[in-house]
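Given the structure of chain H, go ahead and fit chain Z onto it with the hints provided.
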Amino acid sequence: MVKKNVLTTRAASRRAVVQGGVGAASLVALAPLSSRSLSARARQDGACEVVFLSTQLTPIEEAEAFRSEVLAGFEGEVEFIPEDIGPFNDRITAEAEAGQGEVSLIGGQHGDFGALAERGLLMDLSDLVVDLADRGIIEAYLDLGKFGGEQQFYVPWMQATYVMAARREALDYLPEGLDEETLQTELTYDQLLEWITAINEEEGPRFGLPAGENGLLHRFFQGYGYPSFTGALNTAFTSEGAVEMWEWFRDAWAVANPQSLSYDQMAEPLQSGEVWVAWDHTARLIDAVRNNPDDFVMFPAPRGPEGLGYMPVVAGLAIPISAPNPDCARELIRYLTEPETQAKTLQQVAFFPVIEGELPGDLGEGIQKEADAVAATTSDEAALPSLLPVGLGEQGEAYNEVFRNVFQRAVIDEGDIQEALQTEAETLQQVLDAANASCWAPDPESDGVCQVG
Amino acid sequence: MKAHKLGWAPYLLLVPSLAFLAIFFAAPMVQAFGLAFQNSDGAWSTASIRTMVEDSEFWEALRMTLLLIVLVIPIQFTLAMTMALVVNAKLKGSGLWLYIFAIPLGVSELSAGIIWFAIFTERGWLNSFLEGLGIVDRPIIFLNYQQPLWILFAIVLAEAWRATSIIMIILVAGLQSIPKDYLEAADVLGATGWQKVWQVILPLLRPSIQVALILRTILAFQVFATVIALAGRGLTTLSAESYRWYGDLRDANVAAAYAALILLLSVISTLLFLWLVPANQDRVA
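Protein chains in written order, with the numbering used here: chain H, 10 to 462; chain Z, 139 to 423.
Excised from the complex, chain H in its bound form (with noise of 0.2 Å):
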């Protein structure tokens, strides 16, 4: 059994507050009505087709367990078409400026919806999401799919976040103080690069960060590295603990293998033996503690001077206004929220339930330590969730490069740490200004565009 909503309210809570007082909005969620929600399959008359286009779930892996899985036991045909962010904007407003559309249902991120959202590409939920009122969505993240409104532009669908496995050869090489079990609730940065150096010494770089081309590595930094030695982000971007920050990075990657350049996902490598120790999306560690749960020990990022920061990541379902089919749109949105649904998808892709309660169903031992893992992660003390970058619509690309260049001129150019911070700040605040966005958590609020500091 997985614990109790894994990414706990505690922390959705304080996004809540993060997102400006909009929990009253979210009463209407608490209205019950149920007639409703049969109506939709009562009127089908042949079987639903749906074509489903989405940023999440892109590697090829997960797609296909995906369909195979979880979407086979859906009453109709689903299309599912995973895409890039950049093509996945650009087709669904083509499909609304065309005026004919062939994609009827949206899965992203939510900070994938912010800009579709303001221009009015997508439909209004409001009444899916009371029909929905059993299931036991989280609140907080229903209120996230508001943006600040009254409309409902996404149903929440899965969530993860980013963790830390290890092979259990490398828990030799702990330093004092540190075992298996301490290791979900006391290890630091400090102690994190003690025990890679060590390991390191007598093995060969066995720490691992997916800096490929598709790697998350980028989110390292946003949600793990500042918060964790800043307390904030880009309103201490350039700031001591930043410095610091990046020296403790530079000194990590010293010891990590080199091929990290070319790790996308830290599954594979993990399971080569390439890497021992290594922090990655839940999704894309999944496969190495499933194939072989004995082999690996799985725990939370660690804690720095201003707390366990980390990420968690919430991904929702939305119907573009050109969808050739919103009412099977709508039911494939009911059926992925079904408890039973929700188990399966955490079993197939490793992306967490958005609905509260037990899940039916063994989830394996895997799924079982990656689940423990994440609780440990969300219910610790200095825990300090730290949202995807909000609102930076078309910019996020460009955002996520500005923590990429830093990496790339201070660590992989062993440049001044100072001096790649000071460039990149302008480009940051560029960023920032082109988005129109104010600050989120864990920096503080602001009046107007967020400012780098």
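Bear in mind the hints are in silico, worked out from the structure with no lab data behind them.
We put the CB at the ideal spot given by N, CA and C, even for glycine.
A hint or two may mislead.
[Stated by the list, open to error] Computed, partial: chain Z to chain H, Cβ under 7 Å:
{"id": "1", "residue": "E260"}
{"id": "2", "residue": "R261"}
{"id": "3", "residue": "I279"}
{"id": "4", "residue": "L281"}
{"id": "5", "residue": "N282"}
{"id": "6", "residue": "Y283"}
{"id": "7", "residue": "Q284"}
{"id": "8", "residue": "I366"}
{"id": "9", "residue": "G370"}
{"id": "10", "residue": "R371"}
{"id": "11", "residue": "G372"}
{"id": "12", "residue": "G385"}
{"id": "13", "residue": "L387"}
{"id": "14", "residue": "R388"}
[As the list claims (entries may be wrong)] Computed list of chain Z residues with no C-beta within reach of chain H, every gap over 10 Å:
{"id": "15", "residue": "V168"}
{"id": "16", "residue": "G172"}
{"id": "17", "residue": "V326"}
{"id": "18", "residue": "L357"}
{"id": "19", "residue": "V405"}
[Stated by the list, open to error] Residues of chain Z clear of chain H, computed beta-carbon distances all greater than 10 Å:
{"id": "20", "residue": "Q169"}
{"id": "21", "residue": "W182"}
{"id": "22", "residue": "I213"}
{"id": "23", "residue": "S315"}
{"id": "24", "residue": "Y320"}
{"id": "25", "residue": "D325"}
{"id": "26", "residue": "K334"}
Chain Z alone, transformed into the frame defined by chain H:
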């Protein structure tokens, strides 16, 4: 051939392919060129070109693309020529050789990159092999960005493996169109095998060599997936930058500037080959 009797028929037959080229190649090409000379607001400007040239990755990408071309193409030509001569020698089972040589043609660029990554990665086949033989006692990290020569070597090998067969096919076709009489005449005059290759086959093969060179060089300017698979972010090329500017940075103008540059370089190299390796037979001794 009495061409005038054919009337409009040849032109009518050309219309579908011309229309296809106009709609799917010429028009987007003109549009892309237009995009390259506009800023993000759609006004005419050289801002996108300037952004491209001033980008920290630009010279590295250009250098790497040209370096790959200079390294890969001579290797591929030597290999392809040898393979084509083997196939054309009509040895026993030469048909089989053709099929074996052509296998990489069926493999996509990205798959080829992934295959070679599986060979060169730290726990890959090459290291297992070396360890098995006792040559190394610990796996070597070949794909290390701190030693770009190894990565370059892996990319050159992967590219050579993947795209040599297309040259071979063109050369085999060229070889088969050389009339037997010339070679028989050379035999009668007592030419050795080498002399036949140098003095008869190669000069007569000029048109095919020219086509193959042009085609291969244009494709080499577009090299992308093998580099991404083997080097990740460790190395970059012009088309990889174009992809990044469009896909990640959402700037179609700068991406188009890269595309226009690739087009320009392709045109220059084509003209260069037309001039250096003239296809007409006059020069044949």
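To see whether the hints hold, each was checked on the structure:
no., hint, verdict
1, E260, "holds, 5 Å"
2, R261, "holds, 4 Å"
3, I279, "holds, 6 Å"
4, L281, "holds, 5 Å"
5, N282, "holds, 4 Å"
6, Y283, "holds, 5 Å"
7, Q284, "holds, 6 Å"
8, I366, "holds, 5 Å"
9, G370, "holds, 3 Å"
10, R371, "holds, 5 Å"
11, G372, "holds, 4 Å"
12, G385, "holds, 5 Å"
13, L387, "holds, 5 Å"
14, R388, "holds, 5 Å"
15, V168, "holds, 20 Å"
16, G172, "holds, 18 Å"
17, V326, "holds, 58 Å"
18, L357, "holds, 21 Å"
19, V405, "holds, 28 Å"
20, Q169, "holds, 15 Å"
21, W182, "holds, 22 Å"
22, I213, "holds, 23 Å"
23, S315, "holds, 43 Å"
24, Y320, "holds, 50 Å"
25, D325, "holds, 53 Å"
26, K334, "holds, 46 Å"
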